[in-house]
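Q: Listed in order, the protein sequences are those of chains A and B. According to our numbering, the first sequence is numbered sequentially starting from 900. According to our numbering, the second sequence is numbered sequentially starting from 900.
Source of the hints: derived by calculation from the structure; they are not laboratory data. Every clue listed holds true.
Remember, identical chains collapse to one label, so a pair may be satisfied in a single copy or spanning two.
Listed below are the simulated BS3-like cross-link pairs for lysine-lysine, each with C-alpha atoms no more than 27 angstroms apart in a straight line:
#1 K981 to K1070
#2 K1462 to K1172
#3 K1260 to K1131
#4 K1001 to K1070
#5 K1402 to K1131
#6 K981 to K1077
Note that this is a predicted model, so its numbers are computed, not measured.
Take a look at the letters that make up each chain.
2 protein chains.
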Amino acid sequence: MCDHTAAILLDRCVEARMLEQVDIDAPNPGVVIPFIGWLGSAQMFWDSDLGKSIETIAYSLYRKPNPELEARADAIIDLYEKLQEPDGYLNSFFQRIKPEWKWTNLRDFHELYCAGHMIEGAVAYYQATGKRKFLDIMSRMADHLVARFGRGPGQVRGYCGHEEIELALVKLARVTGKQAYMDLAKFFIDERGQKPNFFIEEAIAQGRDTKSAQKDTLGYNQSHLPVREQTKVVGHAVRAMYLYSGMADIATEYNDDTLTDALEILWDDLTGKQMYVTGGIGPAASNEGFTDYYDLPNDTAYAETCASVGLVFWANRMLGRGPDRRYADIMEQALYNGAIAGLSRDGKTFFYENPLESTGKHHRWTWHTCPCCPPNIARLVASIGSYMYGVAKDEVAVHLYGESTARLELGNGAKVTLTQQTHYPWDGAIGLTIGVEQPTRFALSLRIPAWAKGASLAVNGQSIELGAATDRGYARIEREWQPGDVVALALPLVPRALRANSKVRQDAGRVAVMRGPLVYCLEGTDNPVGLNSILLGDGLGRSETAVIPDLNRAIAIDLPVLKEVIASDELYTAETPDVVAETARLVPYHLWDNRAPGDMLVWLRAQRG
Amino acid sequence: MCDHTAAILLDRCVEARMLEQVDIDAPNPGVVIPFIGWLGSAQMFWDSDLGKSIETIAYSLYRKPNPELEARADAIIDLYEKLQEPDGYLNSFFQRIKPEWKWTNLRDFHELYCAGHMIEGAVAYYQATGKRKFLDIMSRMADHLVARFGRGPGQVRGYCGHEEIELALVKLARVTGKQAYMDLAKFFIDERGQKPNFFIEEAIAQGRDTKSAQKDTLGYNQSHLPVREQTKVVGHAVRAMYLYSGMADIATEYNDDTLTDALEILWDDLTGKQMYVTGGIGPAASNEGFTDYYDLPNDTAYAETCASVGLVFWANRMLGRGPDRRYADIMEQALYNGAIAGLSRDGKTFFYENPLESTGKHHRWTWHTCPCCPPNIARLVASIGSYMYGVAKDEVAVHLYGESTARLELGNGAKVTLTQQTHYPWDGAIGLTIGVEQPTRFALSLRIPAWAKGASLAVNGQSIELGAATDRGYARIEREWQPGDVVALALPLVPRALRANSKVRQDAGRVAVMRGPLVYCLEGTDNPVGLNSILLGDGLGRSETAVIPDLNRAIAIDLPVLKEVIASDELYTAETPDVVAETARLVPYHLWDNRAPGDMLVWLRAQRG
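Full structure from sequences and hints, please.
A: Next up, the structure:
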């Protein structure tokens, strides 16, 4: 599916006339009105979408060669090569459409953000194909940034309104070995929110209205406080996730506990007070982001696909300093629910918003005027393998389970091939076969999800006691592994009913059903009654699973429920409703809106209030 | 309170610099950008607010002379007299600010709407003070309209995008006796929505974008179909209510059953599928109006105060062809809940939106850039007496109960004074004393609200059987009344729990408590736990009433409830909540946000799902 979706992304980028903006030999695609009137005209963030599309292609090529797709990517890279200025500057919008705006507004104009996504694309393309051209182009741009930004004389002490460049520079530094890129990433992180605030200073310098650069707006892009002093997750959700991802990278690279401390507080703040059960984040459309604690409306949830993708990025980077299921469980939860829902099963259509309740009007679309989500979920899916494992000097941590083969190199140079045989997440039985050339000592750390009560583990048929051996939620098996050793892990996938904190008023009296990492939902197509007439009592214990016929081998949950019946057809009645027994079918949330369109509901009414 | 609030309205109008727009000798108050940038600058609908303010003053003067207030109103009327053009045209915005826009855009520019409110003000001021000046001014404007609009040669076959002129012309016709005004009102009603659509024709003629005049927009102002063919209440809620009010007036005046038939369908549509239990209507902010059937979100309810005021107007006019509690019950419900909530107890601050759930951030304001609601609720409260009774040839119908004395003249010339002694709606005992100079035969029809199960009635201590004697919900007592006859009506005010139709997903598993005509709510100030942790079981039968200390003689309901307790502080937990017994206090919805600010909730969770 990866190259299929990657090709679709490219097609859509072409249809949106993005390449005309990049192609220096094409007619200038025309003017643009800032902030309004963007529909159908050039957009200042298009380079980012091309960057993410090339990144998706790269991951696809890594898995399976596709000369046609590679040629198309090469052609786009050639356009960028021609476009790049002698000093390394590269941004199609500010070169082709609005040269006079170049470097005038770091807060709103997404210049560094675009560079970041282009760098990510370049790194992935180099890693997948071995071709250096795009990497060299973006290294020249990075050199340009190293020269421009910093605390030296004549340098700009600024940073981007939309974080992204930070984590991208870390990737570039890792692949090129250039410390200057890493240091620039750290500079952007360290400078953010320092006084005087750069965005206010910039607005004054540019003669812009400074009111719009004040407190609320500063929180919008997380520049209201130095990052180490931030304790509450605020503002635009995607920006926040990208910032924290960059911070986590820098914390890992520099062993910076001050950053880790801040990140742990922010992590608890997000996952303990502001996250949907799907791993969706950012409930409000108005700021594409966060509002108040425990404000999690279901029908109007924004919960942008990109934000859940960003949460996966952040969670993954929180594992950079060692395995901890506190992060990996949420990574899986966001991945399998809030993020993956953004992509249709056929890989052709996309959600931007991911509500937890729908009255039948919300559907995936083929494209969007702000097309950030399609390439974002596509690149995540295409690179899912890189989120599954963590490798240290003498340890392999398995964060995610799924049918796959991984060739890993440990920090001590040992090579390990790890093969997973499993139908997870549909089935909880996971077999791991160890491939080593000779007996090799290392620790295999297997995540035991917090929900997996009664999990069992065996090596070569010999049961291993969980519990004491478990460190931060990982069962650590340290031994000299023989070629062909087999580890069997069984994670019981028993449907469970979750309640939200009583402060979440929108979920009061309701339960969400999960099975393993998957959030389930009711769809109108399976349950042709009002979904809010269905009451979940104690039926979960008597539920049965079934393979959904038209959704591959996905597992549905059929469970006994009660249906509330009010005989009166009046708008308001003093009549007390009756209840009748009924069976309801639940399907995985991430698969909703893939069959007949209709209502959808995650938070079912619980029988007792 | 009336003259107090009336004076406040005038003060605010002056602060908003409305009078500068009217005063031909004042400097021109400046330019305006259409549709955007109206904040703080002249507005095309300001005459309507001055008209409604003078109308409020008139009702206040009718109840209690106030020379100072009368002098202020006279001064404003003098300004309008000086402003009026020789041909009768009068509109301060289109004379003083944008003369070139005069009569160019009936759809959006509120010209006839403003004339309507000025006419209502003029009629009320004449009736209260006997002074003809304002009535004559607006009669000249009405003559101008009679000349301009119609089906004759050179006349415009148009009508206003914001209905209001129709019902105003009916009032003007009734007080002046001029049939031309009544006929013009009927013309506006009859023309609305005819093909070709006037607003599309007008847009074409003015070279405006016709797309914006298409189907959705036509529904917005109820011009999508001829009014007699309309079966669904759509669009802007206030506009719809004013249209239906005008239609009901014309139905009464012309005995037009085709209009009545349409109105009955629309009435059922509104009250059976689209009305909040508070009588609030129009859930959406985006169109200030209606969305889908049974879509009644509580926390984001727009439910504009003006819309509930408009519903009172319409319901009242549906009584024009005879008493029927189908209309009067809703009139009372909208009046005592959705409408009155718009005004603070001290008469100084105002709600525009009336949500049924608040997390503590919604409060009444002192003024608004679109200040339609304050004078609207004020004029309704100041004229409440006129909604209480219906008078026919030989019948007096009592629609509303409340401490008062009314001097009525029947259609046959008989004079009746009706005195109500009651603490209704706090207490259900209502005593009516008949004042007649000599024994007089007429029917006294008393509304028995549908909710008043077990109501009892007595005349001079002699019990009267209800039931057979009741016609469309009114107990009709026809007899020769003697001076001093006493009627005793007892309406049991037993708290009752209402469920919404199962199609109202937002109210699923919840109940609203009413006592008599009043909707009750939980306020955080009385219930310092999360309001959504409270479960109403069977406690209503064991509830007790109490006088609320700081809300005059208003009655609270204290009732046994359960409080749901989840020990875990996690965001999501598999833990099943406990319940503990608790007492909750409910207060009347219309009085909320008059004490300490905090949460508010109308729809309580019901114990069984």
